[in-house]
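Asks: Keeping their order, the protein sequence lines are chains R and U.
Position one of the first sequence corresponds to residue 2 (our numbering), numbered consecutively onward.
Position one of the second sequence corresponds to residue 34 (our numbering), numbered consecutively onward.
Rather than coming from a laboratory, the hints here were simulated on the basis of the structure.
Please note that the accuracy of each hint is not assured.
To give a feel for the contact side, a few chain U residues facing chain R, derived at Cβ under 10 Å [unchecked claim]:
#, residue
1, D392
2, I396
3, G407
Where a beta carbon is used, it is the ideal one built from N, C-alpha and C, also for glycine.
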Amino acid sequence: MVTKSLYQEVILDHNRKPRNYGKLDYASHHAVGHNPLCGDRLDITLQLENDQINNIAFEGESCAICKASASMMTAAVKGRSRLDAEILIHEFRELATGKLDIDHPHHLGRLTIFSGIRDLPTRVKCAILPWHTLQAALNSIDNASTENNDSAQAVSSKL
Amino acid sequence: MDSVDVSLKSEAFSDLDWEKIRADFPILKLKIDGKPLIYLDNAASSQMPQQVIDRLVRYQTTQHANINRAVHYLSEVATMEYHKARCRLQQFINAREDREIIFTSGTTDSINLVMHGYGRKFIKAGDEIILTTLEHHSNIVPWQMLANEKGAKIRVVPINDKGELEVDEYEKLFNERTKFVGLIHVSNALGTINPIKRMIDFAHQHGVPVLIDGAQAAPHIIVDVQALDCDFYAFSAHKLCGPTGVGILYGKAALLEAMQPFKGGGDMIASVSFEKTTYNTIPHKFEAGTPPIAAAIGFGAAIDYLMAIGIKSIAAYELALLDYATECLNEIPGVRIIGTAAEKTAVISFTIDGIHPHDIGTILNQDGIAVRTGHHCAQPVMQRFKVPATSRASFAFYNRKTEVDALIAGIKTVQKVFL
Numbered sequence: 002m003v004t005k006s007l008y009q010e011v012i013l014d015h016n017r018k019p020r021n022y023g024k025l026d027y028a029s030h031h032a033v034g035h036n037p038l039c040g041d042r043l044d045i046t047l048q049l050e051n052d053q054i055n056n057i058a059f060e061g062e063s064c065a066i067c068k069a070s071a072s073m074m075t076a077a078v079k080g081r082s083r084l085d086a087e088i089l090i091h092e093f094r095e096l097a098t099g100k101l102d103i104d105h106p107h108h109l110g111r112l113t114i115f116s117g118i119r120d121l122p123t124r125v126k127c128a129i130l131p132w133h134t135l136q137a138a139l140n141s142i143d144n145a146s147t148e149n150n151d152s153a154q155a156v157s158s159k160l
Numbered sequence: 034m035d036s037v038d039v040s041l042k043s044e045a046f047s048d049l050d051w052e053k054i055r056a057d058f059p060i061l062k063l064k065i066d067g068k069p070l071i072y073l074d075n076a077a078s079s080q081m082p083q084q085v086i087d088r089l090v091r092y093q094t095t096q097h098a099n100i101n102r103a104v105h106y107l108s109e110v111a112t113m114e115y116h117k118a119r120c121r122l123q124q125f126i127n128a129r130e131d132r133e134i135i136f137t138s139g140t141t142d143s144i145n146l147v148m149h150g151y152g153r154k155f156i157k158a159g160d161e162i163i164l165t166t167l168e169h170h171s172n173i174v175p176w177q178m179l180a181n182e183k184g185a186k187i188r189v190v191p192i193n194d195k196g197e198l199e200v201d202e203y204e205k206l207f208n209e210r211t212k213f214v215g216l217i218h219v220s221n222a223l224g225t226i227n228p229i230k231r232m233i234d235f236a237h238q239h240g241v242p243v244l245i246d247g248a249q250a251a252p253h254i255i256v257d258v259q260a261l262d263c264d265f266y267a268f269s270a271h272k273l274c275g276p277t278g279v280g281i282l283y284g285k286a287a288l289l290e291a292m293q294p295f296k297g298g299g300d301m302i303a304s305v306s307f308e309k310t311t312y313n314t315i316p317h318k319f320e321a322g323t324p325p326i327a328a329a330i331g332f333g334a335a336i337d338y339l340m341a342i343g344i345k346s347i348a349a350y351e352l353a354l355l356d357y358a359t360e361c362l363n364e365i366p367g368v369r370i371i372g373t374a375a376e377k378t379a380v381i382s383f384t385i386d387g388i389h390p391h392d393i394g395t396i397l398n399q400d401g402i403a404v405r406t407g408h409h410c411a412q413p414v415m416q417r418f419k420v421p422a423t424s425r426a427s428f429a430f431y432n433r434k435t436e437v438d439a440l441i442a443g444i445k446t447v448q449k450v451f452l
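Could you put the whole structure together from the sequences, leaning on the hints where they help?
Replies: Okay, here's the thing in structure tokens:
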């Protein structure tokens, strides 16, 4: 059953005890993600130095899927290069929308736990929102939305 | 009639053969992942009985042509059937004349018609429009658009902790600048039945017309527009066991005649030249282009179906379901019902401590239970109760008491998953 596998212990664990939860006092990059369909809101702050993500945090109001995705995402990209993060963002989006063949080499590791989301089209956006927001933050865009896939075109200032 | 008659309540479950009525709805036999469908999202859209489906098929197979145009047989039949549907709607809400019923694409379209046809003609800079916290976005956004265009102002009636309008505050909002009132009859998010008769009377004492958004009321409450004396009343077919894509706007004939057209096109004109167009009489003035003929005829059939059961019986049965469900939900620790008005239709919005409504909806779906989760297009209501979203179970007369039990069991499963 899709839903059962989706609400696995690891997702519930990240929902109960989200990693990297909060807001960085000194952030070089910041973005707020919205899902206007459900009113979910996610705030991501990160420190990028020499193209490496030294620290990252998130906070906001969201469902378990979104919160667990954000928690696991921050754990996955912390200490990694911008390029690594961008590869993960791409692969996670492909995974959530059912376009990624998980039998082929990829970098997602335990994040493949979200593969079942592709069968729940109304929930795909919940899982993707943190990644979308991370990409906006890396590109110094303040506001990301699940309803605007062209957020890269928006412009804003770095913190 | 502001309230439903509750005297039948105790016998409601045995009043009519509800199981036989339920059997009219083929979709309720569906299985979702092997589990029987438990459809508790009726406030979003109701299901269609076989009688209405059959009517649509009969129209498409033996009666379809464009209306009000050709002299051939089919066109005359279709025109007549479309007109009969209008007359059914007239009877359903006890309008004085059939020309006071405008077919629209639904409640939203009806409200936009009033905004463009009445609002843009008569509302001016500095004027005030009164709305309530309970409004659906469809009765907020059009008026905001108008207010922005004209420099008018929106005033909002607050609600109390039970989700009831503060009518005293409503009355205090009136002044010489008040020019329009938009009022939801029944809250889609909470189920609150508003005391609209009293509110309409008060507005009329100040010479202010009132539009009632009846989308959530018409399926559950006997609506008599003459008794209410409302100026406009809007609702959609698909919440009344009819098809999507059609609804009505009731308007008092004198008001409709004074209004400007909303959409321009065929059928809404008496004559056209490039120098001057003369508009058709009502209701045609507001029905530009080919209307949703099949859907309107299906709407008429749905009204026939509902009137045969009786809105009064429907309301009593649904209230019995509501009381039972409310009682059961109140017994579950961690569950909070949002909206506890004294007068309610069978809608229960609720939250579960520590669990997001979308997770609740997804896990209930696993048991074949369909509820709505989200802000219900009523974000001001959510803000008032300081919740981002709720889960909402909304009942119809074809729901069973055992389906309430399944919902309660489903909620306990949700809590177990997140334990």
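Asks: Hints first: check each against the structure and report whether it holds.
Replies: So, going through the hints one by one against the coordinates:
1. D392: holds (5 Å)
2. I396: At about 6 Å, which falls below the 10 Å cut-off, the nearest Cβ of chain R leaves the hint on I396/U intact, so it holds.
3. G407: holds (5 Å)
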